[in-house]
Amino acid sequence: MALLRIAEVTKEFGGLKALREVSMHLDEGEIVSLIGPNGAGKTTLFNCITGTMPPNRGSVRFLDEEIVGLPPHEVARRGISRTFQHIRVFGQMSVLENVMVGRDFKGRTGIFSALLRPPRVGLEEADNRKHCVEVMSLFGERLLPRLNQPARELSYANRRRVEIARALASGPKLILLDEPTAGMNPHETQQVVDLIRLIRDRGHSVLVIEHKMKVVMTVSDRIVVLDHGEKIAEGPPGAIATDPTVIHAYMGGRRRAQAD
Amino acid sequence: MSFVKSVLAHSPVLLIIAIFAGVPPFFTNMYHLQVLVFIGIYAILALSLNLLNGYVGLLSIGHAAFYAIGAYASAKLSIELGLPWVLALAGAGAVSGLFGYLIAKPTLRLSGIYLTLVTLGFNMILFLVLQNWMSFTNGPLGIMDIPPPSLFGCVVSSRLQYYYLILALVLATVFSMHRLMTCRFGRALTAIRENELAAEATGVNTTRYKVQAFVLSAFYAGIAGSFYAHFVKYISPDSFTINESFILLAMLAFGGQGNLIGPVVGAAALILIPEIFRPLQEYRMFVYGGVLIVMMLVRRQGLLGGRSFRLRLTRFDPAPAGVYARGDKFLPEG
Chain A
11 MALLRIAEVT
21 KEFGGLKALR
31 EVSMHLDEGE
41 IVSLIGPNGA
51 GKTTLFNCIT
61 GTMPPNRGSV
71 RFLDEEIVGL
81 PPHEVARRGI
91 SRTFQHIRVF
101 GQMSVLENVM
111 VGRDFKGRTG
121 IFSALLRPPR
131 VGLEEADNRK
141 HCVEVMSLFG
151 ERLLPRLNQP
161 ARELSYANRR
171 RVEIARALAS
181 GPKLILLDEP
191 TAGMNPHETQ
201 QVVDLIRLIR
211 DRGHSVLVIE
221 HKMKVVMTVS
231 DRIVVLDHGE
241 KIAEGPPGAI
251 ATDPTVIHAY
261 MGGRRRAQAD
Chain B
224 MSFVKSVLAH
234 SPVLLIIAIF
244 AGVPPFFTNM
254 YHLQVLVFIG
264 IYAILALSLN
274 LLNGYVGLLS
284 IGHAAFYAIG
294 AYASAKLSIE
304 LGLPWVLALA
314 GAGAVSGLFG
324 YLIAKPTLRL
334 SGIYLTLVTL
344 GFNMILFLVL
354 QNWMSFTNGP
364 LGIMDIPPPS
374 LFGCVVSSRL
384 QYYYLILALV
394 LATVFSMHRL
404 MTCRFGRALT
414 AIRENELAAE
424 ATGVNTTRYK
434 VQAFVLSAFY
444 AGIAGSFYAH
454 FVKYISPDSF
464 TINESFILLA
474 MLAFGGQGNL
484 IGPVVGAAAL
494 ILIPEIFRPL
504 QEYRMFVYGG
514 VLIVMMLVRR
524 QGLLGGRSFR
534 LRLTRFDPAP
544 AGVYARGDKF
554 LPEG
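Residue numbers (the working numbering), protein chains in the order written: chain A, 11 to 270; chain B, 224 to 557.
Keep in mind that the hints were calculated from the coordinates and are not lab data.
Bear in mind that the values here come from a model prediction, so they are computed numbers and not experimental data.
The beta-carbon is built from N, C-alpha and C at its ideal position, and this holds for glycine as well.
Do not take every clue at face value.
Said to hold, decoys possible - Part of the chain A face toward chain B, derived, beta carbon under 7 angstroms:
#1 D37
#2 R88
#3 G89
#4 R92
#5 Q95
#6 R98
#7 M103
#8 L125
Take these sequences, add in the hints, and give me the full structure.
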């Protein structure tokens, strides 16, 4: 059974069809890349999945349940978390707090227990902290020494890492990464590639939007190509690299594609 | 002695509390105590507004409405129903919180300036209702002879007793807000302020938290209103105009928002400035305005804005995040 099954999703902005009847699926434990030229509808598809912008038509089924129409926080609770193309960390909060917010929906502390502080609250906080620190240890020395720094003081790459850690904190079944290597140097990019594999090995499935072909070709189990809101190709990296429609979409009709 | 030292080292807040508790009894001038009491009232109001403006980032510019509701509710409860003060206080908070809920629930679909306009409109409407609903609020004549607070049979009568009462209320406000803000609840509110879209996508039910913050904020304002009613013993709609709301906003702008110290400092400063410059008579408002303008030019975030203070209330604060030695393995707590 597919973990995520998107069927004929259409999203219109006024007269513009950002997505036209896109269908795809993602199995448990898979790394699927979503590629396509700018404006192809990749981020829109993410928004349709997470409920940020529900599609006009079509269905998105996660764990065999329809999730179209659920508010984003509910989708997150079901086990889909995401990062953003433009970094959206909570700037004034510390790195640790940022990541803890990612797991907070698992907690039960409300207003009254916050005021009265039964022992459960302390345990919940400690447990949350422990998990978050464990998640951040995936990034080696990058985040752990900066736990109490405000996130806005971090470097660009580290803020991306905070975002990924926040998305991982709740232990989601599926994580959507929107251009995780944007603005990173080759070395950092390679670390992200390793990280994506590591994430998969920890039992999360990954759907990733990526522009760097080297990353896409090395990390993906399967690639889905969007162009002008339509799915034009889908398949393993080797097949996509030589697919004439994909080459046409990217290169504008030239015969030769460069995989890199 | 070392115990005292360690307490002080951990919590400079305790020292400040000790000063506030220990010094005022030596005041001989009742007027000074009166000013201190008003600072206390406005500190609670500014803190309650800070919950919305500072933590959640919802701009409410009609906060005096909840102050008014608390004052009128408390007056009505203790005069008409003869409730003891403690119940009237709690009732005032509850009624005010209820109104907060009624306002927040439908309007939080709005965002930014539209929500702000609703709060402004609510303040204006409430003022007109208080002014014209003769049978209930006695209109512009106001409600007189509100009984003084009594605790365990002791009637609060002297200025000093009122001072200690408001000091206790301010401390209760600060401590309870501190507890709210140093756990899941506070993180969610701050996350909404920092980036609502990301907060929603990470599982924070933003609407629910915003409503809760609104209710809490109204609750605290209602408590302040109740104290005001029982302190001055007379309330009229004139005390709860839009002007009052703007004074609260100015306090946040001056002291800084987003932490629990800034609003208190802002309240103290903006109450003190007109009092200190009283000899200048009507020109003192120039000083008041001038100070605000200078503050905006020199330090836009307010005196203590834009940072978070650890109040270091040791027993309640979360443990330090763990020890990390570079090049070493990460050592979890303990």
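How the hints compare with the structure:
1. D37: violated (23 angstroms)
2. R88: violated (10 angstroms)
3. G89: violated (10 angstroms)
4. R92: Given a least distance of 6 angstroms, the restraint on R92/A holds.
5. Q95: violated (12 angstroms)
6. R98: Holds: closest Cβ of chain B sits about 4 angstroms from R98/A, inside 7 angstroms.
7. M103: Given a least distance of 6 angstroms, the restraint on M103/A holds.
8. L125: This interface hint holds because 5 angstroms falls under the 7 angstroms limit.
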